[in-house]
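As a plain string of letters, each chain reads:
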Amino acid sequence: DVKVTQSSRYLVKRTGEKVFLECVQDMDHENMFWYRQDPGLGLRLIYFSYDVKMKEKGDIPEGYSVSREKKERFSLILESASTNQTSMYLCASTPWGSEQFFGPGTRLTVL
Amino acid sequence: QKEVEQNSGPLSVPEGAIASLNCTYSDRGSQSFFWYRQYSGKSPELIMSIYSNGDKEDGRFTAQLNKASQYVSLLIRDSQPSDSATYLCAVPQTGANNLFFGTGTRLTVIP
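Chains as they are written, first to last, in the working numbering: chain A, 27 to 137; chain B, 46 to 156.
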């Protein structure tokens, strides 16, 4: 079974803090994705990566950056957290052109 | 027009009834289609994929695809309270590895 893990299930941070969310997959998938999910807005793509050290902006990249130094690990960075970044963050991975497998999610609260 | 549209619901059905969830998509070139189930506070999990016109059955679940009309549906027979969740339709972006997700339909099965 594909396993995608995320570093934290719940996280509380203060405005202005730098926040790191980590995602690890164990199936050697090339593609990894970061989404946020908010009530009524569905899943919104923040960034994705199709190879090590490669990254592409999604629909809402502002305020975020990513890092992919190893194939299995994809990190999402909030450079200076703000209250409007309070959300559920979901990581997913996929081999080429196939369904995505999601991690358990991180519920981030920014105070 | 959004790439993927779902009837937003909410949808309520009595236990034992058939629940019908619908999704339309805009890209005629789409070749694969996915249904995800998401319980409250959890991440999406893949429950069905369909690639060819017609029906695909898996236990109580049936996915139906009509490429000419650009819609895909999910039928849940003998609905159970444990089926209460939000169901997301997803379609790959042509030529890319991203998925377009619908905003989801919330289903409640009433005992």
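Check each hint, because a few of them may be wrong.
[What the hints assert, rightly or not] When the alpha-carbon atoms are kept at most 27 Å apart in a straight line, the in silico DSSO-like pairs for lysine-lysine are as follows:
1) B/87 with A/97
2) B/47 with A/83
3) B/47 with A/39
4) A/29 with A/96
5) A/81 with B/47
6) A/81 with A/39
7) B/112 with B/101
8) B/47 with B/101
9) A/29 with A/81
10) B/112 with B/47
11) A/83 with A/39
12) B/47 with A/29
13) A/79 with A/29
14) A/83 with A/96
15) A/44 with A/97
16) A/96 with A/81
17) A/44 with A/83
18) A/83 with A/29
19) A/44 with B/87
20) B/101 with A/29
21) A/79 with A/96
22) A/81 with A/44
23) B/87 with A/83
24) B/112 with B/87
[Stated by the list, open to error] DEER-style ranges, computed between Cβ atoms:
25) A/46 with B/114: 31 to 37 Å
26) A/80 with B/74: 22 to 28 Å
27) A/42 with B/105: 22 to 28 Å
28) B/127 with A/53: 44 to 50 Å
29) B/115 with A/70: 21 to 27 Å
30) B/60 with A/66: 23 to 29 Å
31) A/133 with B/50: 23 to 29 Å
Don't read these hints as lab results, they were simulated from the structure. Note that the coordinates shown come from a computational prediction; the quantities given were computed from them, not determined experimentally. Note that the Cβ used here is the ideal one computed from N, Cα and C, for glycine as well.
Results for each hint:
1. Straight-line distance between C-alpha atoms of residue 87 of chain B and residue 97 of chain A comes to about 25 Å, which keeps the hinted pair within the 27 Å bound.
2. In summary, the hint linking residue 47 of chain B to residue 83 of chain A is supported, as the alpha carbons are separated by about 19 Å, within the 27 Å threshold.
3. Using a Cα cut-off of 27 Å, the hinted pair residue 47 of chain B and residue 39 of chain A is violated, with the two alpha carbons roughly 34 Å apart.
4. With a C-alpha separation of about 16 Å, the suggested pair residue 29 of chain A and residue 96 of chain A falls inside the 27 Å cut-off, and the hint holds.
5. Of the supplied pair hints, the one linking residue 81 of chain A and residue 47 of chain B holds, its CA atoms being roughly 25 Å apart against a limit of 27 Å.
6. Of the pairs offered as hints, the one joining residue 81 of chain A and residue 39 of chain A holds, with about 25 Å between alpha carbons and a cut-off of 27 Å not exceeded.
7. Taking the CA atoms of residue 112 of chain B and residue 101 of chain B, the gap is near 14 Å; set against the 27 Å cutoff, the hint holds.
8. This hinted pair checks out: residue 47 of chain B and residue 101 of chain B have alpha carbons roughly 25 Å apart, not beyond 27 Å.
9. The hinted pair formed by residue 29 of chain A and residue 81 of chain A meets the criterion: a straight-line CA distance of about 22 Å does not exceed 27 Å.
10. About 17 Å separates the Cα atoms of residue 112 of chain B and residue 47 of chain B, which keeps this hinted pair within 27 Å; it holds.
11. For the proposed pair residue 83 of chain A and residue 39 of chain A, the alpha carbon gap of about 24 Å is at most 27 Å, so the pair holds.
12. Among the hinted pairs, residue 47 of chain B with residue 29 of chain A is inconsistent with the structure: their alpha-carbon atoms are about 31 Å apart, more than 27 Å.
13. Proximity of residue 79 of chain A to residue 29 of chain A is assessed by CA-CA distance (about 22 Å); at most 27 Å being required, the pair is judged to hold.
14. For the given pair, residue 83 of chain A sits about 19 Å from residue 96 of chain A by alpha-carbon distance, which is consistent with the 27 Å threshold.
15. With a C-alpha separation of about 23 Å, the suggested pairing of residue 44 of chain A with residue 97 of chain A holds against the 27 Å cut-off.
16. Of the pairs offered as hints, the one joining residue 96 of chain A and residue 81 of chain A holds, with about 12 Å between alpha carbons and a cut-off of 27 Å not exceeded.
17. Taking the CA atoms of residue 44 of chain A and residue 83 of chain A, the gap is near 20 Å; set against the 27 Å cutoff, the hint holds.
18. Using a Cα cut-off of 27 Å, the hinted pair residue 83 of chain A and residue 29 of chain A holds, with the two alpha carbons roughly 24 Å apart.
19. Note on residue 44 of chain A and residue 87 of chain B: the hinted pairing holds, with a Cα-Cα distance of about 25 Å set against a maximum of 27 Å.
20. Annotation: proposed proximity of residue 101 of chain B to residue 29 of chain A holds, straight-line Cα distance about 26 Å (limit 27 Å).
21. Note on residue 79 of chain A and residue 96 of chain A: the hinted pairing holds, with a Cα-Cα distance of about 8 Å set against a maximum of 27 Å.
22. Restraint check: the Cα-Cα separation between residue 81 of chain A and residue 44 of chain A comes to about 20 Å, which is no more than 27 Å; the hinted pair holds.
23. Of the supplied pair hints, the one linking residue 87 of chain B and residue 83 of chain A holds, its CA atoms being roughly 25 Å apart against a limit of 27 Å.
24. Of the pairs offered as hints, the one joining residue 112 of chain B and residue 87 of chain B is violated, with about 31 Å between alpha carbons and a cut-off of 27 Å exceeded.
25. Distance hint check for residue 46 of chain A and residue 114 of chain B: the Cβ-Cβ separation is about 45 Å, which falls outside the suggested range of 31 to 37 Å.
26. Take residue 80 of chain A and residue 74 of chain B: their Cβ atoms lie about 25 Å apart, and the range 22 to 28 Å holds.
27. Checking the proposed 22 to 28 Å range against residue 42 of chain A and residue 105 of chain B shows it is violated: the Cβ atoms sit about 49 Å from each other.
28. Between residue 127 of chain B and residue 53 of chain A, the C-beta spacing of about 27 Å breaks the proposed range 44 to 50 Å.
29. A beta carbon spacing of about 23 Å between residue 115 of chain B and residue 70 of chain A agrees with the range 21 to 27 Å that was offered as a hint.
30. One distance hint, 23 to 29 Å for the beta-carbon pair residue 60 of chain B and residue 66 of chain A, holds here, with the actual separation near 28 Å.
31. In this structure the supplied range 23 to 29 Å holds for residue 133 of chain A paired with residue 50 of chain B, their Cβ-Cβ distance being about 27 Å.
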